[in-house]
Amino acid sequence: MPFTVIVKRFPTPEQEETQTKDIQGLTLRIGRGTDNELHLEDHTVQLHHAVIQEVGGAYVFRDLSAVSLSAVNGKRTKEALLIGAGGIAIGPYVLRFSRPTPKAPLCIEYESPIHVLSTSRTLVGEIERPAHDPDATMALRLPNWEQAGDPDATRILPALRPTGATRSDDPDATRALPAFRPPAAPQTVAGVPDVDKTMALSVERAPAQSAPPEPTKSVAPVVPAPPAPVAPLQQTGVEERPPSLPTVSDDQFAEPAFERPAILKIPFAAAYRLEGRFLNKATLSVVGAVVVLGIAAMGAMFDSKAVLMPGEVSAKHASFVNECVRCHLPTSGMRTAVPDSTCVACHKSPMHFGDHSLAEPLACTACHMVHKGNTILASTTGNDCLRCHADLKVTNPTVDIHRSITDFGVTHPEFAVMVKDPETGHERRVRLDDADRLTDQAKIKLNHKLHLDPDLPGLASGPLQCVSCHQASERKGYLMPPVTFDRACAQCHALTMDSKFPDKTVPHGRQPRELDLYLKVLYTSLWPVSDEAAGGKAAAKEKVWIAEQVEKAEEKLFGKKGTRKRGQCQLCHMPDPSPLREPGADDRFTVLAATAIPGRWFLNSNFNHAAHTMEKCIACHDAAPQSEATTDVLLPKVKTCRACHDADGTASPSCLECHLFHEIPKPKQAQTQKSPDANPPN
Amino acid sequence: MLDGSVLVYGGKRYLFMAALTGAALVGSYVLYARDTTPSGGTLPGLVYGALGLAAILILLFLGIRKRSYASHLGTVKGWVSAHIYLGLLTLMMIPMHAGFHFGWDVHTLAFVLLVVVVLSGLFGLALYLTVPPKLTGYEGEMLPDKIESELNRIVSAMKPLAAGKTGLFQRLYFEEIGRAVATTPQGWRMLLTGRKPFLALAARTQELNRILPQLPGSEHEAFTQFSALVLQRTEMESRLAGQMRLKNALQAWLYVHVPASIALLVAVGVHLLVVFYY
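Those protein sequences? They're chains F and W, same order as listed. When the letters of the first sequence are read in order and numbered with our numbering, they come out as residues 983 to 1664. When the letters of the second sequence are read in order and numbered with our numbering, they come out as residues 5 to 282.
Calculated directly from the structure, the hints in this document are not laboratory data. Take the hints with a grain of salt, since some may be wrong.
Each computed DSS-like pair below joins lysine-lysine, with the alpha-carbon atoms no more than 25 angstroms apart [claimed, not checked]:
hint, chain 1, residue 1, chain 2, residue 2
1, W, Lys70, F, Lys1263
2, W, Lys81, F, Lys1263
3, W, Lys16, F, Lys990
4, W, Lys169, F, Lys1003
5, W, Lys70, F, Lys1003
6, F, Lys1525, F, Lys1502
7, W, Lys81, F, Lys990
Every value quoted in this text rests on a predicted model; they were computed, and no experiment measured them.
Let the sequences and hints guide you as you build the complete structure.
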């Protein structure tokens, strides 16, 4: 335990605080920097001012500054051996050192300069106060000493100013006086007015140590001091080493050339202070707080609460921006969340898959935040979806759901469609890359390759193209409307039934049985001979003629029974293998199967063909030109979309490009048409 | 310049801690912003807000800790080092809390005040890194308290010289006295303009030389002594002003930093009150 440091502070002149620290190690660093063990807060003290080192049981003081800025026992020195007790002056501080026994740690005691020598204001106060003790002001007038000699000495001398003896005419006595008076010294000068108030203050507060009274001016001499410790604290001494170290000359203690001035009155330094009566940190803090509260209070008073609101209200809600209670129900108290009931009161929208798929239903405000600026609340981001879909918690593990989608470009699964299982008849989810199970089960015969053959005699405008049959809805382009026979097929596949009447066609969308009746009526109206011209025999001829014509027409339309010859209807339609006929119905005619073309392949997403007109159809439906079978599913796969809809692509990969959170009314999975004509779209 | 400064206190421990925390904040925010729309009301947003509030309270606690001389709760230098880096981190935490949404409201006002506090703190840090070495350069000269007493001595020595002299002489004396008792502190003007309030030594010399021929010959000797005191005082005042200017520089930034901190505390209180309503 080489060092014991005792610090005394005086929060008020009457109050004293003492702090004792034991410092381990062989070196005690002294300086203004807080990394010093002995931290002296004064800008006249250097960051790393000095050290005291324990060397072989002895303590050596070393001043680290370029020129000595310290004095040990009144002598300016770069290095000194600390023996017994004494004082080290550094800046406004006096460090009293003592060592009760040769093996005891070096005890260093000092007083915080607060209320002793801190600011000019304190100085003035100190000066004006001691009316009862006029001499007390003298210590504070010491600075004019520097005119007598070494200016550096002035920094040391005020603190080192000895009691009473300073006024002595005896220069030797002045020189002999040490910078520090041992604790017992004040008692020794009892009876003599203590002119050094600063010193007296420190001395009077020094611990009452066992020092016998000494006669006036008998403070221990500085040089030489007996090396062997005598009674601790009775001896004050410094052993100089080397002898060449600078010491304070006599001249530095000479009386000033100027006459002693009057008591300090004018606070010159105060004129340069920042702090004024009103311009100070406390006042400014109060002003700042009041301004903030004022802004908040004004915001609360105005009809518009925009100043208080966490953000501007969305455009559609701006009409009742001042009616906070419309959403923030008074009964909910100080709550952030707005209950869904307030939203649903106006916005009745189906939830996500009927809300039953969410373990914890999301509040409306989770995605639609009203106080986030003048935005459209429906414009949420795909990130909202990823809250759940990045790690979907599925309670039933057998459910075929992709459980982690974080990114369209990478983790989005292959598109899937609902396809009826041919064995069970139940619909099942089939991905587009599942070639074995993916079949278009529409009951229709269509050869895309044949239709897209450029050599095919097409329309007057040229060869057939996709848009010759498929045209997107004019309304926003989201749905591809059904391809109808009349609009798409009739141009080439006109249902004529008789070359004699090329402009006569049968209607599309009727079963053969219905067309039989239609043809009979038609040919009755086409009988070319009037009753009068037939001469009364026309009725019999007419009946025969009509029957012949109907038979020919039906052979052309329906094919010839018992032969392989196919009719016009069978070009596209196929017979129903298990037709349902009413009892007693005519069974001469084949029943054509319903086309059963899916009304909409992707039930849970939206695709806007109108937004993709910059691309050719076959850029996405690339299999169409080679497709010969109706069973081919010509939908583009996910990789096709990723070509553009990627994080680095030209189109947004957001979930909401295709999906919606709120369930939308779905069309029937497959439109089972009674008539083969009602071909739904893709 | 940074050796031994608060920036590298404790082997740069707070610098490293702040760097790690900053990286963690950025990383977590990237993940957070990727999965959802950032705002103060989401759970991560609230966590950022709570962190920011805790940081602000810790930052404000420095004002108490540095006055607690007997406290063993770390060193003041350590607190200041942490104060600096934690203050910088709040400039990340609070915008992340808000999801980088700002507007003309009390919430953004709180953030603006935070920015003012941090920027003024950085300015103060720059001053504390540059000014004290200059102030230490005055060690060779008299310190303000000594200059003050010396100036008083000079001013009081002028009085007997001017006593019983002509009006011009006495007016000059009273001018000197008048200058000494300036009622309004000059500190801010001196800081902002960078000009010393008194005339330079040369200008003062010229002025005195101009006055001397206007006085009767019998007063010349006294006026010469008086002039010497005036010039001495001018020089002393220049030294005093130079030192006080540096001392003031170390204090001036606090006139923004501290009031803005208090205003920030109030604004944060208003923010909390309001957001829990909305």
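**Item:** 25 angstroms Cα cutoff - pair W/Lys70, F/Lys1003
**Value:** Between W/Lys70 and F/Lys1003 the Cα gap is close to 19 angstroms, so the pair holds against 25 angstroms.
**Request:** Assess, step by step, whether the Cα of W/Lys81 is no farther than 25 angstroms from the Cα of F/Lys990, and give holds or violated.
**Result:** Judged against 25 angstroms, a Cα distance of about 21 angstroms means the pair holds.
**Message:** With the threshold set at 25 angstroms, check whether the alpha-carbon distance from F/Lys1525 to F/Lys1502 stays at or below it.
**Reply:** Given that 25 angstroms is the threshold and the Cα spacing comes to 10 angstroms, the pair holds.
**Message:** Checking one constraint from the list: CA of W/Lys16 to CA of F/Lys990, max 25 angstroms. Satisfied?
**Reply:** violated (32 angstroms)
**Prompt:** Taking 25 angstroms as the top limit, are the C-alpha atoms of W/Lys169 and F/Lys1003 close enough?
**Reply:** violated (62 angstroms)
**Message:** Holds or violated: W/Lys81 and F/Lys1263, Cα atoms, limit 25 angstroms.
**Reply:** This hinted pair holds, its Cα atoms lying about 22 angstroms apart.
**Agreement of W/Lys70 and F/Lys1263 with the hint, judged by alpha carbon distance not exceeding 25 angstroms** = holds (17 angstroms)
In terms of the numbered hints stated before, the structure departs from hints 3, 4, listed from lowest to highest.
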